[in-house]
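Asker: Take the sequence shown: its letters are residues 2 to 121, numbered as in our numbering.
If you're looking for bench data, these hints aren't it; they were derived computationally from the structure.
Computed from a prediction, not measured in an experiment: that's the story for all the values here.
Please note that a few of the clues may not be correct.
Claimed, not checked - Below, computed lysine to any residue pairings styled on SDA-like, alpha-carbon distance capped at 20 Å:
#, residue 1, residue 2
1, Lys27, Ile67
2, Lys26, Ser119
3, Lys35, Gly49
4, Lys36, Thr94
5, Lys26, Thr94
6, Lys27, Ser119
7, Lys36, Gly49
8, Lys27, Ile73
9, Lys27, Glu62
10, Lys102, Asp33
11, Lys102, Asp34
12, Lys35, Thr48
13, Lys27, Leu54
14, Lys102, Ala78
15, Lys26, Gly49
16, Lys35, Asp55
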Amino acid sequence: MTVTTFDPAAPAIHITESALTHFEKKLAAGGDDKKLLRLSTEESGCTGYAYVLDMVSEAEENDVLIESSDTITLAVAGDAIDMLRGTEIDLVTEGVNRVVKFNNPNVVAECGCGESFSVN
């Protein structure tokens, strides 16, 4: 049996090294006004929610800021933080494509095409 202790100082969202490298390049190419990576959700699909990942110049009022690296700050929408807590953002290769994957431990169902998810 594994016991996990809640650490309030631990980041709510983790970005893997491969994803950090990818996002650093994207932010650098996005111009000086794009300084943050913002993660939110929207109602979508047949199971409830979809991830929304944007490059933005500033956080919104209720966003939770997470310093993911020396160069990447992740702004997480305040209304989505509970359903995203513990999520790992990864960049994986599927065939010839590189895809951003969200490994969210809170997901209880996903639609067949991977467009949307639901949580308790």
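Asker: Are the hints correct? Go through all of them and say.
Answerer: Here's how the hints hold up against the structure:
no., hint, verdict
1, Lys27 <-> Ile67, "18 Å, holds"
2, Lys26 <-> Ser119, "31 Å, violated"
3, Lys35 <-> Gly49, "29 Å, violated"
4, Lys36 <-> Thr94, "26 Å, violated"
5, Lys26 <-> Thr94, "17 Å, holds"
6, Lys27 <-> Ser119, "29 Å, violated"
7, Lys36 <-> Gly49, "29 Å, violated"
8, Lys27 <-> Ile73, "11 Å, holds"
9, Lys27 <-> Glu62, "24 Å, violated"
10, Lys102 <-> Asp33, "26 Å, violated"
11, Lys102 <-> Asp34, "26 Å, violated"
12, Lys35 <-> Thr48, "31 Å, violated"
13, Lys27 <-> Leu54, "12 Å, holds"
14, Lys102 <-> Ala78, "18 Å, holds"
15, Lys26 <-> Gly49, "31 Å, violated"
16, Lys35 <-> Asp55, "9 Å, holds"
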